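A.B. asks: Residues per chain are reported as follows:
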Amino acid sequence: MTAPTDVTPRRARLAPDWLLRTEVGLCPCGCLGKPRRRNLVARTLRGLSELVRRAMFSDDVAGAPGLLPRLDARVKVVTLLGLVVVAAFLRSIPMLGAMYVAAVAVAWMSRLPLRSFLARVWLFVPVFTGFVVLPATLNVVTPGTIVVPLGTWLGGSVGFTAEGLESAGLIVMRVALSTSLVVLLTLTTPWARLLAALRSLRVPTTVILVVAMAYRYVFHLLTAVDDMYTARRARTVGRDLDFRSGRRFVAASAGALFGKAHALSEEVYLAMVARGFTGEVRLLERNRVATRDVIWCVMCTLAAAAVLWGDRVVG
Amino acid sequence: MGAECTHCSPGPVHRTVAWLQSRRIWRGGDPGGDVHIPDGYLSPQTCAVMYGAAVPFWLAGARRLRKVVKTRFVPLLALGAAYCFLVMMFNIPVPDGTTAHAVGGVLVAVLLGPWAAVIAVSVALGIQALFFGDGGVLAFGANCCNMAVAMTFTGYAVYKVMAGRAPLTAPRRAIAAGVGAYVGINVAALCAAIEFGLQPDLFYKTTASGAHVPLYAPFHLSQTVPAMLLAHLLVAGVAELVLTAGVITYLQRANLPILRINQRTVSERDGERVGAASRVPLRGLLVGLGALLALVPLGLLAAGGAFGEDRPGDLDLKRYGLDAVPSGLARYSDFWSRALLPGYDFRHGAHPNVGYYVSAVVGTVLVAGLMFVAFRLATLAHRRRRTAPARVTAVEVGNERVEV
Numbered sequence: 001m002t003a004p005t006d007v008t009p010r011r012a013r014l015a016p017d018w019l020l021r022t023e024v025g026l027c028p029c030g031c032l033g034k035p036r037r038r039n040l041v042a043r044t045l046r047g048l049s050e051l052v053r054r055a056m057f058s059d060d061v062a063g064a065p066g067l068l069p070r071l072d073a074r075v076k077v078v079t080l081l082g083l084v085v086v087a088a089f090l091r092s093i094p095m096l097g098a099m100y101v102a103a104v105a106v107a108w109m110s111r112l113p114l115r116s117f118l119a120r121v122w123l124f125v126p127v128f129t130g131f132v133v134l135p136a137t138l139n140v141v142t143p144g145t146i147v148v149p150l151g152t153w154l155g156g157s158v159g160f161t162a163e164g165l166e167s168a169g170l171i172v173m174r175v176a177l178s179t180s181l182v183v184l185l186t187l188t189t190p191w192a193r194l195l196a197a198l199r200s201l202r203v204p205t206t207v208i209l210v211v212a213m214a215y216r217y218v219f220h221l222l223t224a225v226d227d228m229y230t231a232r233r234a235r236t237v238g239r240d241l242d243f244r245s246g247r248r249f250v251a252a253s254a255g256a257l258f259g260k261a262h263a264l265s266e267e268v269y270l271a272m273v274a275r276g277f278t279g280e281v282r283l284l285e286r287n288r289v290a291t292r293d294v295i296w297c298v299m300c301t302l303a304a305a306a307v308l309w310g311d312r313v314v315g
Numbered sequence: 316m317g318a319e320c321t322h323c324s325p326g327p328v329h330r331t332v333a334w335l336q337s338r339r340i341w342r343g344g345d346p347g348g349d350v351h352i353p354d355g356y357l358s359p360q361t362c363a364v365m366y367g368a369a370v371p372f373w374l375a376g377a378r379r380l381r382k383v384v385k386t387r388f389v390p391l392l393a394l395g396a397a398y399c400f401l402v403m404m405f406n407i408p409v410p411d412g413t414t415a416h417a418v419g420g421v422l423v424a425v426l427l428g429p430w431a432a433v434i435a436v437s438v439a440l441g442i443q444a445l446f447f448g449d450g451g452v453l454a455f456g457a458n459c460c461n462m463a464v465a466m467t468f469t470g471y472a473v474y475k476v477m478a479g480r481a482p483l484t485a486p487r488r489a490i491a492a493g494v495g496a497y498v499g500i501n502v503a504a505l506c507a508a509i510e511f512g513l514q515p516d517l518f519y520k521t522t523a524s525g526a527h528v529p530l531y532a533p534f535h536l537s538q539t540v541p542a543m544l545l546a547h548l549l550v551a552g553v554a555e556l557v558l559t560a561g562v563i564t565y566l567q568r569a570n571l572p573i574l575r576i577n578q579r580t581v582s583e584r585d586g587e588r589v590g591a592a593s594r595v596p597l598r599g600l601l602v603g604l605g606a607l608l609a610l611v612p613l614g615l616l617a618a619g620g621a622f623g624e625d626r627p628g629d630l631d632l633k634r635y636g637l638d639a640v641p642s643g644l645a646r647y648s649d650f651w652s653r654a655l656l657p658g659y660d661f662r663h664g665a666h667p668n669v670g671y672y673v674s675a676v677v678g679t680v681l682v683a684g685l686m687f688v689a690f691r692l693a694t695l696a697h698r699r700r701r702t703a704p705a706r707v708t709a710v711e712v713g714n715e716r717v718e719v
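Residue numbers (the numbering used here), protein chains in the order written: chain P, 1 to 315; chain A, 316 to 719.
Keep in mind the hints are simulated off the structure, nothing from the lab.
Be a bit skeptical, because a hint or two may be false.
[As the list claims (entries may be wrong)] To list a few chain P residues with every Cβ distance to chain A over 12 Å, as calculated:
no. : residue
1   : Arg54
2   : Asp60
3   : Val75
4   : Ala87
5   : Gly97
6   : Ala102
7   : Ala136
8   : Pro149
9   : Gly156
10  : Gly159
11  : Val175
12  : Val237
13  : Thr278
14  : Met299
15  : Cys300
[Unchecked claim] Quick list of in silico lysine-lysine cross-link-like pairs, DSS-like style, CA-CA up to 30 Å:
no. : chain 1 : residue 1 : chain 2 : residue 2
16  : A       : Lys385    : A       : Lys475
17  : A       : Lys382    : P       : Lys260
18  : A       : Lys475    : A       : Lys382
19  : P       : Lys260    : A       : Lys520
20  : P       : Lys260    : A       : Lys633
Owing to the predicted nature of the structure, the values given are computational and were not obtained by experimental measurement.
Note that beta-carbon positions come from the ideal geometry of N, C-alpha and C, so glycine has one too.
Hey, can you work out the whole structure from these sequences and the hints?
C.D. replies: Given below as structure tokens:
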């Protein structure tokens, strides 16, 4: 089993080793053991730990000294989301590709673990987007000039069309680029700063407060779910849950979770009132735009203008 | 890895899966259940329109909640959103032995009301998009329109209509919530399919040879709608139904005060009536029936015969390769001519318009009367069953939990 690769060198990691390690089977070689379907309890537990892993990982990376982590959060939100919009308007593959190369370069300069940055996009995009888009390259969906004929089916010739392939390339590149840009933002900005940035961009304070509290209590409620599921797993010996008992267990745990969430919301409200909450929300803001932020803004604007111009020429 | 393993002898597929999983590339995915649209599939223009469509619902929801629950709404919505977020992570069993994920929008709508659900689901989707990169940032408006608005409101409407005045502990409420969730997720999928399907017709570029290259999602409506609906009717809808109906059943048994948050005027058991709200549905029904009866003359304006109601003499026999009307059809087609109002008319046919109208009224009264008798009988049978000893334990459980 490989050691965790997502390590930032200069700063102690928050995420413990065991959390970053892949869950191994009983077999000591690290293979899956018997290739058996995980039951729903194990799957949900795995999903939960994956969530915590991702949250802690992004907090680890966001604290690293790189290009993007040092920029002002507001500047990052505006520029990177602006580039997502620009990417949505592009209509030629070379320009999308150029932007993607630039995004990878920025990730490298931000000292993000490059392998996982590339893998996250390129092993996700072909599997989901690629399979979905693949039939669209046939002349059945996208009529046009057939470049790779696949013979005659049901009385008509079938094959990949140039138009279909170009369209598939466009969508795959665009999904890859948009995903990368959002990943760049989320991996290099701690969530507290991201929320503060949204606040200074005129998102209503109430929304910010609700999102912040929701994000906080996701992890609180997650421990409750984790307790219920771990207890269930510990009590289960032998056969997996069948449909009927699985259904009852999921419904009961979701129902109990709602009871807990509601009781907690009442307690939190009383605690807020006790500390003087009147419905007015004030957030601490740190507004400091440094020279590097200005340079970054100018570079992003120039890059956006360049690709839009190039897109006009090429496309 | 795997090659020198003495505990197992993994084949090539197993080894590939193990490699993919060990590199966190593939987690062994769940089928269906995902209506989250990532960025890149929808044009920016569509995204802008969907944001525009979602904003009024957010504003209306926030205003309404601020009025109803006052300052309490911040923690209520925050915990509601956190709950939504976690419910989306639950693996729900589906009858074929696999599991799927649910959205839970209709569940929250039934528990907290549709406006709270709009905000809670939107916040949960926002956290997914912004902090975890699931679902697009540009497509956030579209995702909210599908899952936070269309799904919750249609699902909740179905729930309200089906649950009617049933008491809080009635199985009918759980079934209504489940069916509402099933309808809701399918409406969300239909909306997503329409958004996808419009892209190739609206946004394309023309090549030198005159062919169209779709710029965003490439499939047409005729392909996206069946594909999305098939997955959701068979898998994701079932997961949503199982979760929603199951949670309501559980809360009926274990935590009734929670169900009362959003249904204050509904009685807990049969025979109790809370408030004067019970009269309204009957009045609504009578008004609706009256309106339909008033519109009956529309049927007289329509020309031609109704589809599938031809007389044997009107049939185009040659089209079906027949020489004469089949003897069985000829013999039985006149059977109902001895009815009270044959052909929606009096027997002598002197006043066809009056006959048509009287037929409508008689038919309505007959159907309503039959339904009334049937429901009375069903209610009586239900009451008789509820007086059995099994009922006592349910009440005890209910009382115990009130203290919680």
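A.B. asks: A separate judgement is required for each hint: does it hold in the structure or not?
C.D. replies: Hints versus structure:
Interface exclusion of P:Arg54 from chain A breaks down, the closest Cβ pair being 6 Å apart, not more than 12 Å. For P:Asp60, the shortest C-beta to C-beta distance to chain A comes to about 14 Å, beyond the 12 Å cut-off, and the non-interface label holds. At roughly 16 Å from the closest C-beta of chain A, the C-beta of P:Val75 stays outside 12 Å, upholding its exclusion from the interface. Remark: the non-interface label on P:Ala87 conflicts with the geometry, its nearest Cβ contact in chain A lying 8 Å away (cut-off 12 Å).
Non-interface call for P:Gly97 relative to chain A: holds, since the shortest CB-CB distance, roughly 14 Å, exceeds 12 Å. Every beta carbon of chain A lies more than 12 Å from that of P:Ala102, the smallest distance being close to 17 Å; the non-interface claim holds. With a closest Cβ-Cβ approach of about 4 Å to chain A, P:Ala136 is found to fall inside the 12 Å limit, against its non-interface label. At roughly 17 Å, the least C-beta separation between P:Pro149 and chain A is larger than 12 Å, which holds for a residue marked as non-interface.
For P:Gly156, the non-interface assignment is confirmed: its Cβ lies about 17 Å from the closest Cβ of chain A, beyond the 12 Å cut-off. With 12 Å as the threshold on Cβ separation, the claim that P:Gly159 sits away from chain A holds: the shortest Cβ distance comes to roughly 14 Å. Residue-level check failed: P:Val175 sits 4 Å from the nearest beta carbon of chain A, not beyond 12 Å. With a minimum CB-CB distance of about 19 Å to chain A, P:Val237 clears the 12 Å threshold, and the non-interface call stands.
Non-interface call for P:Thr278 relative to chain A: violated, since the shortest CB-CB distance, roughly 7 Å, does not exceed 12 Å. At the 12 Å boundary, the C-beta of P:Met299 stays outside the reach of chain A, the nearest C-beta of that chain being 21 Å off. The beta carbon of P:Cys300 sits about 16 Å from the closest Cβ of chain A, which is more than 12 Å, so the claim that it is off the interface holds. With a C-alpha separation of about 25 Å, the suggested pairing of A:Lys385 with A:Lys475 holds against the 30 Å cut-off.
The straight-line distance between the Cα atoms of A:Lys382 and P:Lys260 is roughly 25 Å, inside the 30 Å bound, and the hint therefore holds. With a CA separation close to 23 Å, the supplied pair A:Lys475 and A:Lys382 stays within the 30 Å bound. Between the alpha carbons of P:Lys260 and A:Lys520 the distance comes to roughly 53 Å, so the proposed pair goes past 30 Å and is violated. Distance hint between P:Lys260 and A:Lys633 is unfulfilled; the C-alpha atoms sit about 71 Å from each other, more than 30 Å.
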